[in-house]
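There are 2 protein chains.
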Amino acid sequence: MSKRCVMALLLAASGLAMANEPVDLDMVSRIRQEAFHNSQVMATFSHLTETIGPRLSNSPQMAEANAWTRGKFSEWGLSNVHDDAFDDFGRGWEFSAASVEMLGGRVQPLHALPKAWTPGTDGPVEGELVKVDIKTLADIEKYRGKLGGKVLLLGDAREYKRGTEPDSHRHDATSLEGLQEFTVPKTAAADRAKRVKEYGERQQLSRAVNEFFAAEGALAAISISSWDNGIIRVAGGGPRKAGEPVGIPELAMIAEHFNPLVRALDDGQTVRLRVNVAARFTDEANQPGHNTIAEIPGRGGKAGEIVMIGAHLDSWHTGTGAADNAAGVAVMMEAMRILKAVGARPERTIRVALWSGEEQGLVGSQDYVARNFAHYPEPTDPAQKALPASLREPTGPLRKLRDYERFSVYFNMDNGSGRFRGIYAQENLAAMPIFEAWLKPFHDVGATTVATRNTGSTDHIAFDRVGLPGFQFIQDRLDYFTNVHHTHLDTWDHAEPEDLKQAAAIVASFAYHAAMRDERMPRKPLLDPK
Amino acid sequence: MSKRCVMALLLAASGLAMANEPVDLDMVSRIRQEAFHNSQVMATFSHLTETIGPRLSNSPQMAEANAWTRGKFSEWGLSNVHDDAFDDFGRGWEFSAASVEMLGGRVQPLHALPKAWTPGTDGPVEGELVKVDIKTLADIEKYRGKLGGKVLLLGDAREYKRGTEPDSHRHDATSLEGLQEFTVPKTAAADRAKRVKEYGERQQLSRAVNEFFAAEGALAAISISSWDNGIIRVAGGGPRKAGEPVGIPELAMIAEHFNPLVRALDDGQTVRLRVNVAARFTDEANQPGHNTIAEIPGRGGKAGEIVMIGAHLDSWHTGTGAADNAAGVAVMMEAMRILKAVGARPERTIRVALWSGEEQGLVGSQDYVARNFAHYPEPTDPAQKALPASLREPTGPLRKLRDYERFSVYFNMDNGSGRFRGIYAQENLAAMPIFEAWLKPFHDVGATTVATRNTGSTDHIAFDRVGLPGFQFIQDRLDYFTNVHHTHLDTWDHAEPEDLKQAAAIVASFAYHAAMRDERMPRKPLLDPK
Numbered sequence: 000m001s002k003r004c005v006m007a008l009l010l011a012a013s014g015l016a017m018a019n020e021p022v023d024l025d026m027v028s029r030i031r032q033e034a035f036h037n038s039q040v041m042a043t044f045s046h047l048t049e050t051i052g053p054r055l056s057n058s059p060q061m062a063e064a065n066a067w068t069r070g071k072f073s074e075w076g077l078s079n080v081h082d083d084a085f086d087d088f089g090r091g092w093e094f095s096a097a098s099v100e101m102l103g104g105r106v107q108p109l110h111a112l113p114k115a116w117t118p119g120t121d122g123p124v125e126g127e128l129v130k131v132d133i134k135t136l137a138d139i140e141k142y143r144g145k146l147g148g149k150v151l152l153l154g155d156a157r158e159y160k161r162g163t164e165p166d167s168h169r170h171d172a173t174s175l176e177g178l179q180e181f182t183v184p185k186t187a188a189a190d191r192a193k194r195v196k197e198y199g200e201r202q203q204l205s206r207a208v209n210e211f212f213a214a215e216g217a218l219a220a221i222s223i224s225s226w227d228n229g230i231i232r233v234a235g236g237g238p239r240k241a242g243e244p245v246g247i248p249e250l251a252m253i254a255e256h257f258n259p260l261v262r263a264l265d266d267g268q269t270v271r272l273r274v275n276v277a278a279r280f281t282d283e284a285n286q287p288g289h290n291t292i293a294e295i296p297g298r299g300g301k302a303g304e305i306v307m308i309g310a311h312l313d314s315w316h317t318g319t320g321a322a323d324n325a326a327g328v329a330v331m332m333e334a335m336r337i338l339k340a341v342g343a344r345p346e347r348t349i350r351v352a353l354w355s356g357e358e359q360g361l362v363g364s365q366d367y368v369a370r371n372f373a374h375y376p377e378p379t380d381p382a383q384k385a386l387p388a389s390l391r392e393p394t395g396p397l398r399k400l401r402d403y404e405r406f407s408v409y410f411n412m413d414n415g416s417g418r419f420r421g422i423y424a425q426e427n428l429a430a431m432p433i434f435e436a437w438l439k440p441f442h443d444v445g446a447t448t449v450a451t452r453n454t455g456s457t458d459h460i461a462f463d464r465v466g467l468p469g470f471q472f473i474q475d476r477l478d479y480f481t482n483v484h485h486t487h488l489d490t491w492d493h494a495e496p497e498d499l500k501q502a503a504a505i506v507a508s509f510a511y512h513a514a515m516r517d518e519r520m521p522r523k524p525l526l527d528p529k
Numbered sequence: 000m001s002k003r004c005v006m007a008l009l010l011a012a013s014g015l016a017m018a019n020e021p022v023d024l025d026m027v028s029r030i031r032q033e034a035f036h037n038s039q040v041m042a043t044f045s046h047l048t049e050t051i052g053p054r055l056s057n058s059p060q061m062a063e064a065n066a067w068t069r070g071k072f073s074e075w076g077l078s079n080v081h082d083d084a085f086d087d088f089g090r091g092w093e094f095s096a097a098s099v100e101m102l103g104g105r106v107q108p109l110h111a112l113p114k115a116w117t118p119g120t121d122g123p124v125e126g127e128l129v130k131v132d133i134k135t136l137a138d139i140e141k142y143r144g145k146l147g148g149k150v151l152l153l154g155d156a157r158e159y160k161r162g163t164e165p166d167s168h169r170h171d172a173t174s175l176e177g178l179q180e181f182t183v184p185k186t187a188a189a190d191r192a193k194r195v196k197e198y199g200e201r202q203q204l205s206r207a208v209n210e211f212f213a214a215e216g217a218l219a220a221i222s223i224s225s226w227d228n229g230i231i232r233v234a235g236g237g238p239r240k241a242g243e244p245v246g247i248p249e250l251a252m253i254a255e256h257f258n259p260l261v262r263a264l265d266d267g268q269t270v271r272l273r274v275n276v277a278a279r280f281t282d283e284a285n286q287p288g289h290n291t292i293a294e295i296p297g298r299g300g301k302a303g304e305i306v307m308i309g310a311h312l313d314s315w316h317t318g319t320g321a322a323d324n325a326a327g328v329a330v331m332m333e334a335m336r337i338l339k340a341v342g343a344r345p346e347r348t349i350r351v352a353l354w355s356g357e358e359q360g361l362v363g364s365q366d367y368v369a370r371n372f373a374h375y376p377e378p379t380d381p382a383q384k385a386l387p388a389s390l391r392e393p394t395g396p397l398r399k400l401r402d403y404e405r406f407s408v409y410f411n412m413d414n415g416s417g418r419f420r421g422i423y424a425q426e427n428l429a430a431m432p433i434f435e436a437w438l439k440p441f442h443d444v445g446a447t448t449v450a451t452r453n454t455g456s457t458d459h460i461a462f463d464r465v466g467l468p469g470f471q472f473i474q475d476r477l478d479y480f481t482n483v484h485h486t487h488l489d490t491w492d493h494a495e496p497e498d499l500k501q502a503a504a505i506v507a508s509f510a511y512h513a514a515m516r517d518e519r520m521p522r523k524p525l526l527d528p529k
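Chains A and B, in that order, give the protein sequences. Note that numbering that gives the first Met the number 0 numbers the first sequence so that position 239 is 238, with each residue one more than the last. Note that numbering that gives the first Met the number 0 numbers the second sequence so that position 219 is 218, with each residue one more than the last.
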């Protein structure tokens, strides 16, 4: 046995010994029975992905998803079911069709899909293809007067990257053991000024390029998908805020079709393309975003305290937002359904939040946390106001609202559709023996690991940033980062029903135990923002 | 060291000891210099894939490829450059665009491409989707009168298959050692009657279904791509022969879009699709196919003897026929170019053949071998005549033509674009020490292995079947059977220039040494067809 392995075992044993954390095994049994043998998680997952489809923030389909999830919560007997409006998030957008054809010597369909929040072509347009590479404002001058009526090929060819690992990955004992290592973070350089400058330059360039392409009368722009093997990985392109320059229709094309276009142009050939994108903004003015909220109210003296679970309901637009994140939503909804079905009567209130605007930077969850729990003061300087929260100068001490102290814990799911293998403790060491105790009845379904590590990039961070316990589960990766993340293949078939059932049982049990334990979840020290 | 490994080493050593096969290292050096440092293989490969594009047998692009390759051979100073017409192969076909859109509640583009030799839709058509599962002639009756104006979904959903191996594979010492094992074949059951019956039933069903769908007035039919992950793997659908019922437009759709349609119909939902396929037969009547042939004539007494190299020039229609088989064609053309460039003066004639009709069953190479070297008598019974050669009753002894005894050896490349790692000896043990000697100057570029094994499914079999030495090289598989084989991703970017250079050098050297050695290549005993 390796030294590391021995240490892991000792740690696990001592964790459990220290914990003495009560676990209601009768309740866990009821939760497991409901989750495993009476599951509705796939019905929920199927409706979200295959009836509603992709759910771009503020799109009509997102509104449909808000309404449908509210309906299910009400049907299941949850309380305080409502949409929580936030922010002047921006305009809705949707697309229904996109095609690109190479014309001329050889006529060939090329596979491309539009970037969100870029305009449609208003019917087919045809033009000569020109290569455009703008990295600075000065580069724009090279192309002035040359792009009218043209289709623009943005950037260069990318060499094919061979797949040297299997597409799909599940944890094994070794990889789980590896998660027990914590990397002491390097001291970040005091580089906020540099990052702010770069952010400002990127924003300025993007706005200038959009205005320039539109002013030139270019027909459409095409860039390369960020993954190979025919996968279209594409997020947003244009601005979602009314009044910003929307630019021209823009698409991401599979590498296997994009690279030949680059080579043809580099070879001096003339290439003509026909582009047809049916896409539209669904609002004239900015609209608020909407999170969907529902509760199982607590009973007795702790009813004012809050346990939250959640996942983001919004998705990108080319797949059906299945692993990212109908999976998380279906699991969180199912956890609430299970708790109602087994007759759970939690002491604390259990609240579920289905976030919007996650893909645009955790917008819905951050706004919700700011309005309900805590926030740093808004900057008064317009330049600071224009920056994302992570780049702003500190504005003063955290402003805690009433529910800040009534809040216990938030559990999130957003690392694809794979099975839970444990939980990241986000450096909250006092939480670890609690999680170890709660996980024990799920060791037999593969969830064994509590890691000190932080994980980021999703909605639990909105809580973590203000010092509230927010956690994300360790999940089997499956093909999240090889096939489906933000791609047109993020669809129903890449998920596993058994994984979603397992996850729902664990979330239900975690939420229940968090709602029942004597104390709220311990908190780690809040670091002052720097 | 394993026992198997020791045996392999002993075999290798004894093979070399027995061989005493002369190798002209000065010539190998010249060939390597030209192949590695003055290569034109990528220029050839690029023109075939990205200027001409896919080359379906008898399509206009195939004719363009015949013409272009003839031009290159002439430019390089080869002799006897001509197209070799064969058979009344069938009609040409081409497509330029295809789209499928889901209409109704949610409008979504679905990714599908047409099967070769199926008709176009003559503009967009819209219809309700119905599921059709016809496995026998009797099944047809279930659908009679129900398919007019409908779009047909053929077959059922298929469960997603996770990728548990890396996409791309190169041989290592272990896998090469594994190739040294030969599996003694099981005695095949005398099942020709059964196979003939099944073949007949399949043909009858296919014809009946095509006639039925057309008679019903169904708009189009959609089946599932045979691979997952958004890859469209599609070959032929309709008959290439004039006079056969062409049926209706038929497409293969990515599994991620096909399966949801099945689930929607199984759920009782109404689904409407818009289908638009621009495809056409390019001939009214059957046309011959065309192989392209060229030679470096031999000098002196052995000039009438023949060494051949080749690869198939035809491809399927949705990618650009890159790994299958512009790679093989570019390598074979480059080998001829190299031999001219280094001033090779072979004693035997070296002939290159770029086959057509390979994807339809080695048609071009079989017909060529039959007309030039040997064939079994044509059956007189029309029922036997209608069968593929492999299913016919024996018709009598092999008829050998004049050049049968003048023929030495044929080398083929058609296992994707990956690097040569050796050669399959097709159970011709007398050839093995010769190949071992010829490979030795290429050990340093990874080509080391001579395996007794047979390999099939490509044009060397046309020679092997009549007792002529025909060989196929062992190649690194790369992503041939995960991404590119017969798919829309069979494109330029999935090939490696260095692999093609290495292969061209080896083919040039093998062809040269075969043309120079005292004796023709030894032959293995010809098995009577049973």
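Don't read these hints as lab results, they were simulated from the structure. One or more hints might be untrue.
Chain copies aren't distinguished; within one or between two, either way the pair holds.
Derived SDA-like pairs (lysine to any residue); straight-line CA-CA distance at most 25 Å [unchecked claim]:
| id | residue 1 | residue 2 |
| --- | --- | --- |
| 1 | 160 | 484 |
| 2 | 141 | 206 |
| 3 | 160 | 496 |
| 4 | 160 | 476 |
Hints, one by one, checked against the model:
Taking identical chains as interchangeable, the C-alpha atoms of residue 160 and residue 484 lie at most 25 Å apart whether they share a chain (17 Å) or sit on different chains (18 Å). Taking identical chains as interchangeable, the C-alpha atoms of residue 141 and residue 206 lie at most 25 Å apart only when both belong to the same chain, with a minimum of 17 Å there against 60 Å between chains. For the homomeric pair residue 160 and residue 496, the shortest alpha-carbon distance between copies (14 Å) is at most 25 Å, but the shortest distance inside one copy (31 Å) is not. Taking the shortest Cα distances, residue 160 and residue 476 sit within 25 Å of each other both inside one copy (20 Å) and across copies (15 Å).
Checked against the numbered hints listed earlier, the structure breaks none of them; every hint is satisfied.
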